[in-house]
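Engineer: Protein chains in written order, with my numbering: chain C, 113 to 699; chain G, 47 to 197.
No lab work stands behind these hints: they were computed from the structure. A portion of the hints provided could be inaccurate.
Unchecked claim - In silico DSS-like pairs for lysine-lysine, Cα to Cα no more than 27 Å straight-line:
#1 120(G) / 285(C)
#2 288(C) / 271(C)
#3 120(G) / 667(C)
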Amino acid sequence: MSAIAEPIAEALPVAPAEPWLRRFKRVMFYGRNVDRSAKARARVGLAIVGFVVVYGIIALRLVLFGIISDSRTPQRIIVDDAVATARPDIRDRNGEILAIDVRVPSLYAEPRRIIDVDEAVELLTAVLPDLDPTELRARLSSKRGFVWLKRDITPEQEKEIYRQGLPGIGFLKENKRDYPNGPEVSHLIGHVNIDNQGIAGMEKWLDSHGLAALHMAGLATDRLQKPVVLAADLRVQHALRDELVQARDHFHAIAAAGVVLNVNTGEIVAMVSEPDYDPNDPRQANEPSRINRLTTGVYEMGSTFKAFTVAMALESGKITLNSSFDARMPLRMGRFLIHDFDPEHRFLTVPEIFYYSSNIGAARIALSLGTSAQQAFLKKMGQLDRLRTELPESAAPILPRRWSDLTTATIAFGHGLSVAPLQAVMGVAAIMNGGILIPPTFLKRTQQEADELGKRVISRRTSLMMRYLMRLNVEKGTARKADVPGYYIGGKTGTADKVVNGRYSKTKVLTDFMAILPADHPQYLLLIMLDEPKATPETHGFTTSGWNAVPTGAKVVARIAPLLGIEPRMDLPTADQLILASLKQSR
Amino acid sequence: MILRILNLVLIGALVLAAAYVYRIKFEATVQAEHLAKLRDQVRHERDKIAALRAHWGELDDPARVQDLAKRFLKLQPVAPTQFDTLDHLPDQPPDYMRPGSKDPIGGMIEHLEVPLEVTGSIPRDGATPQTSDNTTTPPAAAPAQSGAGSE
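Sequences are here, hints too, so could you generate the full structure?
Structural biologist: Put into structure tokens, the structure is as follows:
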């Protein structure tokens, strides 16, 4: 201020030199003692400060706009389009697509912006005849800001409606799940609802493993998610399904199911439960006849359970392949009699019990070892607990309420204990692969991962003996029709009487067949299951497994073995020479 | 005077800087728009690829292929006996067509073991013009040649 004060002091003496007119004006406008120049300086200073502030703000805003505006435009585009959320592709083990997202237009309306509801209803129903006019009118007359009119319309319909130029009608591109193979892999991958959320099968598993959380956060909008690779092989799956459909029609069975399992890794290479449904049209999925019988159904597996009984016997060390049991007459247990289907009326050795499928022999084996040994063994093989896989659907086994001696005897040949077929497959795979129980999986798995997960349940030696018995059963026993030349199949049949109204039915049966290939070094286990097959002229009136499930299994093996990369070997020696001999060497 | 020149220079520099910044900003906007457009295009392409893959999946569906094969091809499923390994192959056949030999066709005929027969896939009248074209060919070799030459 002092710097300003000095010129004022100088200016004052000069003041009288001012012309009179200017002075007059000054006095008239500003008053006698006001110094204009000082005031002007202060004003200029104020103006400078003001301008600096204003331009500073403008500059700051410019900088902010420069930083922010870029990220704003593309974001808006994505939000416009991505209503239904994106899901990762699902591929089979060879990279074939099982499920993929495609963009489809969906029709919506903003009722508040519609001018003429009648016109809109008329024009829209002309293009989309399946829209209900009264419902459409109600929707368009509502005061809401946004209503869906029809999800998933065709591009042609979109073009046509676009051309009508109705105000307040618009399209959004939505992700829609497409299953190019239709019913082929239905039970395996499940399906999604209209909002692209998984509600069954592997699709649901995807949601429960992080995808749902991604959706909530609004992050899963891009299709750059890593595809999920399943253990399944589409071609094997098709071959299995094709044969099962034929078998079901041929034997007039109410259902047919099958599994192909890699015994060394626990990967489920194919799984079919027929009747199935088309995941593109999941309405049928809720029909009770279309359930996945392999995981959600529990069944008495019949004679295939003898594999467990005999494995238990051989593992105990008390019984060897040369032990023999009395099968001369039916076994009386209290009020019940245990028969053989095709009685031999003599003492049978353990291999004979296995390949003649003697109920009496199996019951006697189990009784000689005792109830608690059987319980412990079945528990160890995972037959008494609910098997959980990636699939959300699973059923707990139905255990006998009281585990009496009679129960022990019947469970020995697969009656009295109901398990999910996939569970039995897991147990038999453990018996065959050298004694390692590996939880089955639908995802691709390496041998190392399987080794880490697996736990030893029986010895290698027992496993070898069981391979021998399985092969013997194909050479001499009930599964003779399964002997596809070149693949050295081993297998065990099972025929279980179905329970109808609380009693075992004499006519309605469930037949199954477990095949291993090749029997000397098992790689794959195949389960074929037919529900209530009927007798045909070729089966000579029989409905047992050997006449229906086994031939089906043979056809399946002949088709899938080349796909699975199993090399045919001709003129192999019999089981006695090939497997039993290696057993003696290992001793 | 120096101050005034300095002022003018500074004003000039300011104007230039402003123009330059404006240009950069403008270009950046153009680039950003271009980027957004490209991103959109990429998204569209991906969607199209997905649609095509889905379509391919439908066309490649084993059930469909099997159906078509049954209708249009006379192929049979492969029997296990039809597989073999390379080490089961017989020894290399005698190379009767040595390079530089005087009469390669004659050598071929001498070594032919398979009786020459006209199969259904060889058009019957296709054989006659072949022989008339090449008169030096012995008649016995004609069917073999026409078999290789005709579609």
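Engineer: When the structure is checked against the list of hints, which entries are broken? Sort them ascending.
Structural biologist: 1
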